[in-house]
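Visitor: Now for the letters of each chain:
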Amino acid sequence: MKKHMVEFVKRGMVAAWGGPVVLAIIFACLNAAGVVETMTVREVCLGIISSTLMTFIAAGINVVYQVERLPLPMAILIHAGVLYLDYLLAYLINGWLKNQLGPILTFTVIFAAGFALIWLIIYQIIKRQIRQVNMKIQAQ
Amino acid sequence: MKFRLVIDTEKPEEVVATAHRRSNLTDAIEELVRSHGGEDQLPAYTEDDMLMLKFADIQLITVENGKTLAVDGSGTAYRLKQRLYELEEVLPSCFIRISKSALANENHLVRFTAGFSGAVDAVFRCGRKEGVSRRCFAEIKRRFNER
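As given, the protein sequences belong to chains A and B, one line each in that order. Residue numbers for the first sequence follow this note's numbering, beginning at 922 and rising by one. Residue numbers for the second sequence follow this note's numbering, beginning at 39 and rising by one.
Mixed in with the good hints, there may be bad ones.
[To be verified] Quick look at which bits of chain B chain A covers, simulated, 3 or more residues with Cβ under 8 angstroms:
#1 137 to 150
#2 154 to 160
#3 163 to 173
Source of the hints: derived by calculation from the structure; they are not laboratory data. Virtual Cβ for every residue (Gly too), placed ideally from N, Cα, C.
Let the sequences and hints guide you as you build the complete structure.
Guide: Next up, the structure:
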């Protein structure tokens, strides 16, 4: 367990810088489009800290797939659940998502569709790898 | 490939083969050498019997409820006295680790399958299915890709 916690922190630390960088790019784009003209110090600080934490958790939680005794469906469920809460809380705290049923439902549907799509791609990659190994087995 | 036989009565007898990768030939050499020395079998136990189980007849070795079991072609499971890591040291290289608790004889592997969850199973000639861990599958993939 300790090993996985260390790995969680390591992975999180490696990727955490990405959050504020992406945030800066988005704000720069919004500014260029004239959507965001000014920001308060509180908004900037909250944005930087929450996006760092969000990326830290999102990157670290991948470690769940390293826990061998965890069945894969359970690992996927934990991964999806943590990512969903991670993003949702960060969006709500920063006011990027209105705290109302409609926007949260829309976010939930988009998140579920995105996660399913990514998982489908991974599943296809696994299937292709298995096909390649099976071809080698049959060639033996 | 060259063949070199060194007759030296002073040195202990051993067969060393140098190859770029494992092949049917290296497997055959390994099997021949081990069978010649009588090292190609293990004592296996049933409820009231003991027999010598040939490596080549073992499809997979698994640990269930803390017991090490060897499964043969008919799907019969025999109890082994050794632990998995001890067996890994004596078994020929055709035995590959597929999870923390299982070794597979790749000569008896029919195929790998993937469930929709992405979990990988190994299917054996005896019809038995055994789960493959993600870490071990990466190693198996590397091993087969080298061929």
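Visitor: Hint by hint, say whether it matches the structure.
Guide: Hint-by-hint comparison with the structure:
Judged by the Cβ-Cβ criterion of 8 angstroms, the region 137 to 150 of chain B is covered by chain A as claimed, because 8 of its residues qualify and three suffice. Remark: the region 154 to 160 of chain B is confirmed as covered by chain A, as 5 of its residues place a Cβ nearer than 8 angstroms to a Cβ of that chain, reaching the required three. A stretch counts as covered by a chain when three or more of its residues have a beta carbon under 8 angstroms from one of that chain; for the region 163 to 173 of chain B and chain A the count is 3, and the coverage holds.
Checked against the numbered hints listed earlier, the structure breaks none of them; every hint is satisfied.
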